[in-house]
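Turn these sequences into a full structure, and let the hints guide you.
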Amino acid sequence: MLAVRVIPCLDVDAGRVVKGVNFLGIRDAGDPVELAIRYDAEGADELVFLDITASSDARDTMVHVVEQVAEQVFIPFTVGGGVRTVEDARRMLRAGADKVSFNTAAVNDPEVVRAGAQEYGAQCIVVAIDARRRTEGGWEVVTHGGRTPTGLDAIAWAERVCALGAGEILLTSMDRDGTRAGYDIALLQAIGEAVDVPIIASGGVGTLEHLYDGAAAGGASGLLAASIFHFGQHTVHEAKTFLAERRVVVRP
Amino acid sequence: MTGPRIAVVDYGIGNLRSAEKALQHLNADAALTSDPRAIESADAVVLPGVGAFGACMQALRSAGLEGATKAAATDGRPFLGICIGMQMLFAGSDESPEVAGLGIIAGRVTLLPRTVRLPQMGWNTLDVVAGSRLGADLPEPTWLYFVHSYAPEPDDQSVVAGWCDYGRRFAAAVERGPVWATQFHPEKSGAAGLRMLSNFVGAVDSRLTV
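First to last, the protein sequences are chains A and B. Using numbering that gives the first Met the number 0, count along the first sequence one by one with no gaps and you end on 251. Using numbering that gives the first Met the number 0, count along the second sequence one by one with no gaps and you end on 209.
These are computed hints drawn from the structure, not numbers from a lab. Each hint should be verified, as a subset may be incorrect.
As the list claims (entries may be wrong) - One side of the interface only, derived from the structure: several residues of chain A facing chain B at Cβ under 10 Å:
| no. | residue |
| --- | --- |
| 1 | Arg4 |
| 2 | Phe73 |
| 3 | Arg113 |
| 4 | Ala116 |
| 5 | Tyr119 |
| 6 | Gly166 |
| 7 | Gln188 |
| 8 | Gly191 |
| 9 | Val196 |
| 10 | Ser220 |
Ideal placement from N, C-alpha and C gives every residue a C-beta, glycine not left out.
This is the structure we're talking about:
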């Protein structure tokens, strides 16, 4: 059976992991390569690196990070954040990334999804959707960390990017992101019903129970989390043991 | 001491570097190459592939590497096809019906059932066929990383070295003499995948020392 994936997410700024990664037994908590090796050893199924570098001068740094990770970590990883064009995607894939994720770039120009999928195949084109609940019901796609509303309905947008060739959706609830209150299960269910590609749940994980809910109730193919792993609250191995005990199929 | 020389066929598609890196990690002298002579003279050849079947076949042809690749898969040298590199060994694929495959293994590549989410993206178990060399000494259960929507259907099931189940039971690994191929990505499958690649490097070594 296909296993549900547990996916630690690392925010990288100018080549360093940020957002307070802090766990024991690691020399330098900011080194993305060292952290990737650590998560691989703990049983992570995949990794996501989000390049949050603001300055364009430092953008090449991410390519070097990707090259180093690819040399030492033999599990799949996705790079998102600074990927705006097919050329950006090409550089990351050539450097060793398995997938790239488009977020704002896809909103600004959906054709980038089609062009990327045509060039490299749907399997390596992820579209990251940041969604926020509307007071009147449903969800709206937002960008820039939730500050910019786009007017796009999240369900219609998910259907559109899949028609353009997205092979996976990384779905973040901006209502839940950072709250540690759990994934937005209704959002996962709604998008999951609308499209046939795998969905990675993101935003809000504070406990192992939340991971379970994302898989069992939300139907997610992948479970992304950051802080519960970074601060040593739980290891990936603990997360998988918890899921396996509740009969979620995971790779041990 | 350097290990056997393994040519990883580079025809300009996607991320081919991870196969090279994983083999190097196992101390094999592996290098990406788009030079047909390097493919002809290598001890063994790896054909990776990501993306669409038709795009990969066309890229292989326009890079002028079809002949050298075909020769490598038929002249007795160890050969490993990965993902679309496996699918290309077959006659053709329903993904790109207008494009012919290399036709080295009889059969076609077909779409997985729409009853499951496609692509299959993630870790699934391989049911290793007893006696397979590529599947030797793998941990059990054998979890490997898959990314695909299509899968091969070999005419002769005796070439199947491992089965996987997703929507239907499909041939996830084939092995015919020195020609091995996997639908999963051994180079992205952690310790189990490295073990499988090490079986391949071992097969290259043992051929050279005979």
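Quick check: which numbered hints come out false for this structure?
-> Result: hints 3, 7 break, sorted rising.
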